[in-house]
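These protein sequence lines are chains F and D, in that order.
The opening position of the first sequence corresponds to residue 0 in the numbering used here, with each subsequent residue numbered one higher.
The opening position of the second sequence corresponds to residue 17 in the numbering used here, with each subsequent residue numbered one higher.
Check each hint, because a few of them may be wrong.
DEER-style ranges, computed between Cβ atoms [claimed, not checked]: (1) F:204 / D:204: 20 to 30 angstroms; (2) F:236 / D:287: 52 to 62 angstroms; (3) F:126 / D:405: 33 to 43 angstroms; (4) F:3 / D:90: 53 to 63 angstroms; (5) F:204 / D:192: 49 to 59 angstroms.
Among chain F residues calculated to face chain D with C-beta under 7 angstroms, some are [stated by the list, open to error]: (6) 44; (7) 115; (8) 119; (9) 135; (10) 136.
Just so you have them, the derived chain F footprint on chain D, three or more residues with Cβ under 8 angstroms [claimed, not checked]: (11) 153–163; (12) 330–339.
It is worth saying that the hints were derived from the structure and are not from the lab.
In this text, a Cβ means the ideal position worked out from N, Cα and C, and glycines have one as well.
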Amino acid sequence: MQGNVSIAGRDVIQIADFDADQIRLILNTAVELKAVLKRSIKKLPSLRGKAIVNLFFEPSTRTRSSFELAGKYLGADVISLNASTSSVVKGESIRDTLLTIESMAVDAMIIRHKSEGVPQFAAKVVKPVIINAGDGCHAHPSQALLDLLTIHQLKAPLDQINQLKIAIIGDILHSRVARSDIEIFKKFGADIHIAAPPTLLPRFADGSITVHDHVEDAIRDADVVIVLRLQLERMQAGLIPSEDEYSRFFGLDAQRLKLAKPDALVMHPGPQNNGLEISFDVNYSEQSAIRTQVNNGLAVRMALLLLTLSGEKVVL
Amino acid sequence: MAKITHSLLLRNGRVIDPANGLDETADVLIVDGHIAAVQPSIELQAHETLDVSGQIVVPGLIDMHVHFREPGQEYKEDFESGSKAAAAGGFTTVATMPNTKPVVDNAYLVEAMVDRAAEVGLINIKIIGALTKGQKGEQLAEMAEMSAAGAVAFSDDGHFVDNAKIFLNALDYLKPLGKLAICHEEETMLVKGGSMNESLNSTRLGLKGRPSIAEDIAIARDCLLADYAETRVHFAHVSSARAVDIIRETKSRGVKVSAECTPQHLTLTDDLVNPSDATTKINPPLRTQADCDALLEGLLDGTIDCLVTDHSPHAIYEKEFPYDQAPSGFPGLETSLAVMLTELVSKGRMPLNKLIEKMTIAPAKVFGLEAGTLSVGAKADVTVFDPNLEWIVEPEKFMSKAKFSPFAGRTLKGRVTHTICGGKLIFKL
Numbered sequence: 000m001q002g003n004v005s006i007a008g009r010d011v012i013q014i015a016d017f018d019a020d021q022i023r024l025i026l027n028t029a030v031e032l033k034a035v036l037k038r039s040i041k042k043l044p045s046l047r048g049k050a051i052v053n054l055f056f057e058p059s060t061r062t063r064s065s066f067e068l069a070g071k072y073l074g075a076d077v078i079s080l081n082a083s084t085s086s087v088v089k090g091e092s093i094r095d096t097l098l099t100i101e102s103m104a105v106d107a108m109i110i111r112h113k114s115e116g117v118p119q120f121a122a123k124v125v126k127p128v129i130i131n132a133g134d135g136c137h138a139h140p141s142q143a144l145l146d147l148l149t150i151h152q153l154k155a156p157l158d159q160i161n162q163l164k165i166a167i168i169g170d171i172l173h174s175r176v177a178r179s180d181i182e183i184f185k186k187f188g189a190d191i192h193i194a195a196p197p198t199l200l201p202r203f204a205d206g207s208i209t210v211h212d213h214v215e216d217a218i219r220d221a222d223v224v225i226v227l228r229l230q231l232e233r234m235q236a237g238l239i240p241s242e243d244e245y246s247r248f249f250g251l252d253a254q255r256l257k258l259a260k261p262d263a264l265v266m267h268p269g270p271q272n273n274g275l276e277i278s279f280d281v282n283y284s285e286q287s288a289i290r291t292q293v294n295n296g297l298a299v300r301m302a303l304l305l306l307t308l309s310g311e312k313v314v315l
Numbered sequence: 017m018a019k020i021t022h023s024l025l026l027r028n029g030r031v032i033d034p035a036n037g038l039d040e041t042a043d044v045l046i047v048d049g050h051i052a053a054v055q056p057s058i059e060l061q062a063h064e065t066l067d068v069s070g071q072i073v074v075p076g077l078i079d080m081h082v083h084f085r086e087p088g089q090e091y092k093e094d095f096e097s098g099s100k101a102a103a104a105g106g107f108t109t110v111a112t113m114p115n116t117k118p119v120v121d122n123a124y125l126v127e128a129m130v131d132r133a134a135e136v137g138l139i140n141i142k143i144i145g146a147l148t149k150g151q152k153g154e155q156l157a158e159m160a161e162m163s164a165a166g167a168v169a170f171s172d173d174g175h176f177v178d179n180a181k182i183f184l185n186a187l188d189y190l191k192p193l194g195k196l197a198i199c200h201e202e203e204t205m206l207v208k209g210g211s212m213n214e215s216l217n218s219t220r221l222g223l224k225g226r227p228s229i230a231e232d233i234a235i236a237r238d239c240l241l242a243d244y245a246e247t248r249v250h251f252a253h254v255s256s257a258r259a260v261d262i263i264r265e266t267k268s269r270g271v272k273v274s275a276e277c278t279p280q281h282l283t284l285t286d287d288l289v290n291p292s293d294a295t296t297k298i299n300p301p302l303r304t305q306a307d308c309d310a311l312l313e314g315l316l317d318g319t320i321d322c323l324v325t326d327h328s329p330h331a332i333y334e335k336e337f338p339y340d341q342a343p344s345g346f347p348g349l350e351t352s353l354a355v356m357l358t359e360l361v362s363k364g365r366m367p368l369n370k371l372i373e374k375m376t377i378a379p380a381k382v383f384g385l386e387a388g389t390l391s392v393g394a395k396a397d398v399t400v401f402d403p404n405l406e407w408i409v410e411p412e413k414f415m416s417k418a419k420f421s422p423f424a425g426r427t428l429k430g431r432v433t434h435t436i437c438g439g440k441l442i443f444k445l
């Protein structure tokens, strides 16, 4: 299967740019790298001599640390720039920032920006491999890959994803995670159900997804329940009346989770608002795969860097 | 009779002058800046003769919606570069919108701009003043003063006047001045933060939408207010199918509203939107094919009176901002006629005569301009184009300072070869 499949030299902007075989390659590589992460000495030499810049125009702790460690565990030199505190605030254009960093002989740039399209713009402007670490409400491909890997490992192999009912609940409208998840799950044929207050749903939705008014209907008999973070500014924007009301009607608690299959997985891209979109007990229940997601995130990002920068599949 | 100092004869073109119902092969004689004769085989030795056989001779095109960015944003465009772009596109009369820095919202600035237009002098530049002070929608601008200083119309273009009372006041106040309010119709809160049409495409791309309902609501309100105030309102760059229906229904009741639309809203859809390139960003946004079709129907049946470019130049680096932060608009003067010829006339969707009407006499009528015809005695503003000349849109060759276009790379058929303004040849391909 993986004979001629490769993503060497490719930018990672959105899931739509990859076919199922390439996604399998990334996930299989990630699985092998997870084994490395269990070793006492984790560092591989695969990307020794490669330089990676984390260019985060929007604050991030988890994704940035995850990419940073991924690069370091593979032997690359990694620096992280918090561009929101750099020359960007002095008025430097994105093009200038990109060209400046490119001139420092880097091999990859990991980019996060609050505006949609910036990583894609970077891919047009500079030569290093560009990996999208989240652009506005558009895409977060490494999150989708790690979510799929988590489901693949804990629920069903990739060729059986099409037998799963996956519920995504919460602020779909503003979620790049939801968009990328939906794209990747559709590629593998999952039955996707979404639920949120109608103010947090896009008015125009893809007909292949089932949209529910009541969160219970989305969760019922689901194999996987993905809970999205509720940004607190949604209230100021007049989209929801209060946290309490949201929590009561759309939060995932133990009682609602009982509607799903008994062994359903609970996932969340983090950081969680405990007691708001997810209850404390569900967050830490046996069904919660949230910590596995974080570990898989590291492995998936290592796989992306390894495959795009060296073209090597597995280096154990 | 005064002594003739200069004469120019355009020989053998197909002359289309919708104002006079004329479409025939004829010669056009221009004497001292005015049309002296339009008839077959004029036997006269003119000072200058141009053989335009195989080409089409029409009244100089009129565009009542451009942004020339003076005063204050000359890095985007100025009266000179804008005039050259207009001439290259076949336009001899344009009207500039007042959303400049500062806003043209008082008589001093109108006078300064009228003087500036005369100083550049290549084409006729008309000045549109603001409807409200600073285009803030709070207090009426000094429209009587501006009108006396030469403003041809008033607009808060770029902004919807949210306050219905202020807008009604503006309409009432304008009535005795006999000048039009030109309205940008998108209900502000419904489009706040939005940068493309709301659709399945905006869902997919994660870009915040500017729904067409925002335009429909705004146009519906202002149709009702035009009726109530018993005065005229002109709708700028209509883009939504439903809005066309609302205007049609309002006109059928005898209410004196008028409307314009652009080549881009007639021929481009939000399928083109790519979040990594803000070239396609414009307000109101590019919508769907159904909207394009409805606009064309409206243009053909008279619901939409005239065509404009909404020529909106920006610096390239500004259009490289992320999509949601980039300024809206793109230049249109140098592509307008060719896009219409290629996408609508050549495809049999719009008669050529109708297109010329919508770009000449129709806007002249809406705004009460003495222009847009080749009648004997009229000022000699004349455009000649070759309907068969194919060319590729290369924005780097634009006369406009804004060297980008959503039509970049397209092969268009039909190109302006000569533009004559006041009898003077101001552009030659």
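Evaluation of the provided hints:
1. F:204 / D:204: 20 to 30 angstroms: holds (26 angstroms)
2. F:236 / D:287: 52 to 62 angstroms: violated (28 angstroms)
3. F:126 / D:405: 33 to 43 angstroms: Roughly 39 angstroms apart at Cβ, these two residues keep to the hinted range, so it holds.
4. F:3 / D:90: 53 to 63 angstroms: Taking Cβ atoms as reference, residue 3 of chain F and residue 90 of chain D lie about 56 angstroms apart, which means the hint holds.
5. F:204 / D:192: 49 to 59 angstroms: holds (51 angstroms)
6. 44: This interface hint is violated because 35 angstroms lies over the 7 angstroms limit.
7. 115: This hint holds: residue 115 of chain F lies near chain D, its Cβ roughly 4 angstroms from the closest one there, short of 7 angstroms.
8. 119: holds (4 angstroms)
9. 135: holds (6 angstroms)
10. 136: Cβ of residue 136 of chain F sits 3 angstroms from chain D, so the hint holds.
11. 153–163: violated (count 0)
12. 330–339: holds (count 5)
Hint check: violations occur at hints 2, 6, 11; the rest are consistent with the structure.
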